[in-house]
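Participant: Residues per chain, in single letters:
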Amino acid sequence: SQQGEEDPQALSIQEGENATMNCSYKTSINNLQWYRQNSGRGLVHLILIRSNEREKHSGRLRVTLDTSKKSSSLLITASRAADTASYFCATEGNGNKLVFGAGTILRVKS
Amino acid sequence: DAGITQSPRHKVTETGTPVTLRCHQTENHRYMYWYRQDPGHGLRLIHYSYGVKDTDKGEVSDGYSVSRSKTEDFLLTLESATSSQTSVYFCAISDGRGDYQPQHFGDGTRLSIL
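Line order of the protein sequences matches chains A and B.
Heads up, the first sequence is in my numbering, so the first residue is 44 and it goes up one at a time.
Heads up, the second sequence is in my numbering, so the first residue is 2 and it goes up one at a time.
In case anyone wonders, no lab produced these hints; they're calculated from the structure.
No false leads were slipped in.
Computed footprint of chain B on chain A; a stretch qualifies when at least three of its residues, placed anywhere within it, have a C-beta under 8 Å from a C-beta of chain B:
{"no.": "1", "segment": "80-94"}
{"no.": "2", "segment": "140-149"}
Simulated crosslink set (DSS-like; lysine-lysine; CA at most 25 Å straight-line):
{"no.": "3", "chain 1": "A", "residue 1": "69", "chain 2": "B", "residue 2": "58"}
{"no.": "4", "chain 1": "A", "residue 1": "112", "chain 2": "A", "residue 2": "69"}
{"no.": "5", "chain 1": "A", "residue 1": "140", "chain 2": "B", "residue 2": "58"}
{"no.": "6", "chain 1": "A", "residue 1": "112", "chain 2": "A", "residue 2": "99"}
{"no.": "7", "chain 1": "A", "residue 1": "140", "chain 2": "A", "residue 2": "69"}
{"no.": "8", "chain 1": "B", "residue 1": "71", "chain 2": "A", "residue 2": "140"}
{"no.": "9", "chain 1": "A", "residue 1": "113", "chain 2": "A", "residue 2": "140"}
{"no.": "10", "chain 1": "B", "residue 1": "54", "chain 2": "A", "residue 2": "140"}
{"no.": "11", "chain 1": "B", "residue 1": "54", "chain 2": "B", "residue 2": "71"}
{"no.": "12", "chain 1": "A", "residue 1": "140", "chain 2": "A", "residue 2": "112"}
{"no.": "13", "chain 1": "A", "residue 1": "113", "chain 2": "A", "residue 2": "69"}
{"no.": "14", "chain 1": "B", "residue 1": "12", "chain 2": "B", "residue 2": "58"}
Don't be surprised by glycine CBs; every beta carbon is placed ideally from N, CA and C.
Throw the hints in and build the complete structure from the sequences for me.
Facilitator: Right, dumping it as structure tokens:
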């Protein structure tokens, strides 16, 4: 069963704008991770936020986590054409296993 | 990039034939995973391994088997392929030491079963 559900399914923005993607999940977690997938490639890890953290930054990425609402958001600031990709959230419970959502397709137009 | 090689990268085969996909890593990571990716489903875990000869089932394990005889190799076998197993298959690895290790992915195998 799918744990994370991303919203929106697809997002199209202009270069320089910010992109926000949301993820909801169903059960308790140890951490939540975000991955990017470029067309025809494997997933690349972007950022991890632990269950006891509320916000984390990495470069142009900002992730928030609200465990009371079982939701997370990924903000990409000042987007670039190279950010065009699919973005997935994944939750980790016990046992070093991840459960992925269906992903958000981001298109950044130059 | 993490040293993960999947082979073959593309394969077309017929229903009922056996198929084996290989994942090879050069990172000496303990954990290895097989996922399938289908439109609208994200990635779903098929099987994973937490050491040599130590494997366990994932969410969608029916019709698949795995083997890990060496740290660096994790094989996924479809004993008798069906059209529903047409998908893109990804291998991933994880160190597993310490807390909260991310997974590193190969570039996938596109499998078509006619």
